[in-house]
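Those protein sequence lines, which keep their order, are chains X and V.
The opening position of the first sequence corresponds to residue 4 in the numbering used here, with each subsequent residue numbered one higher.
The opening position of the second sequence corresponds to residue 230 in the numbering used here, with each subsequent residue numbered one higher.
The hints are simulated quantities; they were obtained by calculation from the structure and are not laboratory data.
In this text, all values refer to a predicted model and were calculated from it rather than measured experimentally.
Glycine residues also receive a C-beta, built at the ideal position from the N, C-alpha and C atoms.
Do not rely on the hints blindly, as some may be mistaken.
Dumping the calculated BS3-like pairs for lysine-lysine here, alpha-carbon to alpha-carbon at most 30 angstroms [to be verified]:
id, chain 1, residue 1, chain 2, residue 2
1, V, K247, X, K205
2, X, K205, V, K287
3, X, K242, V, K236
4, X, K150, X, K212
5, X, K111, V, K354
6, V, K267, X, K212
7, V, K354, X, K205
8, X, K216, V, K253
9, V, K236, X, K97
10, X, K97, V, K287
11, V, K236, X, K216
12, V, K236, X, K212
13, V, K267, X, K216
14, X, K212, V, K250
15, X, K216, V, K291
16, V, K287, X, K242
17, V, K354, X, K212
18, V, K247, X, K164
Restraint-style ranges between C-beta atoms, simulated for each label pair [to be verified]:
id, chain 1, residue 1, chain 2, residue 2, range
19, X, K143, V, P303, 41 to 49 angstroms
20, X, K143, V, L336, 24 to 32 angstroms
21, X, K150, V, L336, 30 to 38 angstroms
22, V, G325, X, G148, 50 to 58 angstroms
23, V, D265, X, M104, 36 to 44 angstroms
24, X, P207, V, C251, 27 to 35 angstroms
25, X, D136, V, I337, 39 to 47 angstroms
26, V, R304, X, Y109, 31 to 39 angstroms
27, X, G35, V, Q322, 49 to 57 angstroms
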Amino acid sequence: MALKYSYYPGCTLKNKAKSLDITARKCASALGFELEEIENWQCCGGVYPLGSDEIATKLSSVRALDYAKSKSQKLVTLCSACHHVIKRVNDDMKNVPDTRMRANNYLKLDTPYCGETQVLHYLEVLRDEIGFDNIAKAVKNPLKGVKIGAYYGCMLLRPSKIMEFDNPENPQIMEDFIKALGAQSVIFPYRNECCGGHVALKSPESAQKLSGKVTRSAEGFGADMLITACPLCLYNLNKNSQSDIPVYYFTELLAKALGIDSEE
Amino acid sequence: MSNREEKVLQISGVNPRKCMKCGKCSASCPSYDEMDIKPHQFVSYVLNGRTKALAESKSVEKCLACFACVERCPRNVEPAKIIDAARQLNVRQRYGDTLSANDIPSLIDEDTPQQLLVSAFRKYKR
Ligand code: SF4
Ligand code: SF4
Chain X
4 MALKYSYYPG
14 CTLKNKAKSL
24 DITARKCASA
34 LGFELEEIEN
44 WQCCGGVYPL
54 GSDEIATKLS
64 SVRALDYAKS
74 KSQKLVTLCS
84 ACHHVIKRVN
94 DDMKNVPDTR
104 MRANNYLKLD
114 TPYCGETQVL
124 HYLEVLRDEI
134 GFDNIAKAVK
144 NPLKGVKIGA
154 YYGCMLLRPS
164 KIMEFDNPEN
174 PQIMEDFIKA
184 LGAQSVIFPY
194 RNECCGGHVA
204 LKSPESAQKL
214 SGKVTRSAEG
224 FGADMLITAC
234 PLCLYNLNKN
244 SQSDIPVYYF
254 TELLAKALGI
264 DSEE
Chain V
230 MSNREEKVLQ
240 ISGVNPRKCM
250 KCGKCSASCP
260 SYDEMDIKPH
270 QFVSYVLNGR
280 TKALAESKSV
290 EKCLACFACV
300 ERCPRNVEPA
310 KIIDAARQLN
320 VRQRYGDTLS
330 ANDIPSLIDE
340 DTPQQLLVSA
350 FRKYKR
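With the rest of the complex left out, here is chain X:
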């Protein structure tokens, strides 16, 4: 029986980042797991609501989490921002009594939601549930000789106490992923620095400065291309960094290595 997960795609994967969604689903079936899209999921809001008194802005995440709980499935995300928001809201529901009480009072679920669902990023599924060694075995077209820089950005890593994704200062999950595809990973200093994020809308000049540092750092250390899990990082690195270094979603390269056609 195939592993089944509740899948939260988020807005961007239905629109500007369709290829992230499509390649992830195709690779999942090739690797023996299934992403079952959560019914009627709502936008996570893109940024985690930092205010300790905010409830309404967290409810869409709680609904998705409760849906996964009702199916006794783990919840899988792809977009770094969705992952960040849902993982942190889940932590609030588990560990912050005031948020838990007020969100549950509002939602009036049959059984209160108290952070039971496990939230996994797709990369964590590859690492912890499938195993990079098994992925290496499934690779049909190893990306031999390609030098790939893993761009982590902020949202997957920080705050590490809550995200529990990897070492926030010296992560290695994406490098291990790159090696499993038969390529060479390039470690560069700005791989966990900010691309400019939401500031790009009103202050593109700030995003240009920040994303430019990322691409120059990657190029300086010899990367041929970058991979990311985040549509906004991809946008800033492509549009604002003033560099021509190609940037791909990590699932696009996974599909290529597995010999999967990434068209719709």
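Keeping the supplied structure of chain X fixed, place chain V with the ligands upon it in accordance with the hints.
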């Protein structure tokens, strides 16, 4: 402590007395150069009753929510939560929004991800 200071502490949940002024947050902040009030100063602005100046500072819109300061603060102060609470003081006021749907067409291009729009609306609009 005035109402405004209390409000920022309540929204942020930050205990400003934990800060030992080591400056690690400012050293980590990728927006440091563009901020007029720096991350290690956020707590003293609140403690010294200058929250209004903090809310009116450029730093409010220059914070990237990258959480480098949160990750690296040795005292778990979470300075990003203070500047975000100062931002919320603004947007929770009437006419406090700094982005409207009418601004959008001139700010986007054919590749702008939906994620950028929803994030910006969360930050600049009530
Ligand atoms: S890193 Fe923490 S303790 Fe050090 S100055 Fe910043 S807020 Fe204060
Ligand atoms: S979260 Fe804001 S204040 Fe903290 S390091 Fe990032 S940009 Fe600077």
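These are the hints, each one checked on the structure:
1. Using a Cα cut-off of 30 angstroms, the hinted pair V/K247 and X/K205 is violated, with the two alpha carbons roughly 34 angstroms apart.
2. Between X/K205 and V/K287 the alpha-carbon distance is near 13 angstroms, which keeps this suggested pair within the 30 angstroms criterion.
3. Distance restraint check for X/K242 and V/K236: the Cα-Cα separation of roughly 39 angstroms exceeds the 30 angstroms cut-off, and the hinted pair is therefore not satisfied.
4. At roughly 24 angstroms between alpha-carbon atoms, X/K150 and X/K212 fall within 30 angstroms of each other, so this suggested pair holds.
5. Taking the CA atoms of X/K111 and V/K354, the gap is about 28 angstroms. The hint holds against a cut of 30 angstroms.
6. Proximity of V/K267 to X/K212 is assessed by CA-CA distance (about 18 angstroms); at most 30 angstroms being required, the pair is judged to hold.
7. For a cut-off of 30 angstroms, the pair hint linking V/K354 to X/K205 stands: about 13 angstroms separates their Cα positions.
8. Under the criterion of a C-alpha separation no larger than 30 angstroms, the hint pairing X/K216 with V/K253 is consistent with the structure, at around 21 angstroms.
9. With a C-alpha separation of about 25 angstroms, the suggested pair V/K236 and X/K97 falls inside the 30 angstroms cut-off, and the hint holds.
10. Of the pairs offered as hints, the one joining X/K97 and V/K287 is violated, with about 35 angstroms between alpha carbons and a cut-off of 30 angstroms exceeded.
11. Restraint check for V/K236 and X/K216: the C-alpha separation of about 37 angstroms exceeds 30 angstroms, so the hint is violated.
12. Between V/K236 and X/K212 the alpha-carbon distance is near 34 angstroms, which puts this suggested pair outside the 30 angstroms criterion.
13. Taking the CA atoms of V/K267 and X/K216, the gap is near 21 angstroms; set against the 30 angstroms cutoff, the hint holds.
14. Only pairs whose Cα atoms come within 30 angstroms are accepted, and X/K212 paired with V/K250 is accepted, the gap being roughly 28 angstroms.
15. For the suggested pair X/K216 and V/K291, the alpha carbons sit about 17 angstroms apart, so the restraint of at most 30 angstroms is met.
16. Between V/K287 and X/K242 the alpha-carbon distance is near 24 angstroms, which keeps this suggested pair within the 30 angstroms criterion.
17. At roughly 25 angstroms between alpha-carbon atoms, V/K354 and X/K212 fall within 30 angstroms of each other, so this suggested pair holds.
18. Using a Cα cut-off of 30 angstroms, the hinted pair V/K247 and X/K164 holds, with the two alpha carbons roughly 18 angstroms apart.
19. The hinted window of 41 to 49 angstroms between X/K143 and V/P303 holds, with their beta carbons roughly 48 angstroms apart.
20. Look at X/K143 against V/L336: about 43 angstroms separates their beta carbons, and that is not inside 24 to 32 angstroms.
21. A C-beta distance of roughly 35 angstroms is found between X/K150 and V/L336, which places it inside the suggested range of 30 to 38 angstroms.
22. A C-beta distance of roughly 54 angstroms is found between V/G325 and X/G148, which places it inside the suggested range of 50 to 58 angstroms.
23. Between V/D265 and X/M104, the C-beta spacing of about 39 angstroms keeps the proposed range 36 to 44 angstroms intact.
24. Under the hint 27 to 35 angstroms, the C-beta atoms of X/P207 and V/C251, about 33 angstroms apart, fit the expected range.
25. Checking the proposed 39 to 47 angstroms range against X/D136 and V/I337 shows it holds: the Cβ atoms sit about 43 angstroms from each other.
26. Roughly 34 angstroms separates the CB atoms of V/R304 and X/Y109, a value that falls within the hinted 31 to 39 angstroms.
27. Roughly 53 angstroms separates the CB atoms of X/G35 and V/Q322, a value that falls within the hinted 49 to 57 angstroms.
The structure fails to meet hints 1, 3, 10, 11, 12 and 20 from the earlier list, while all remaining hints are met.
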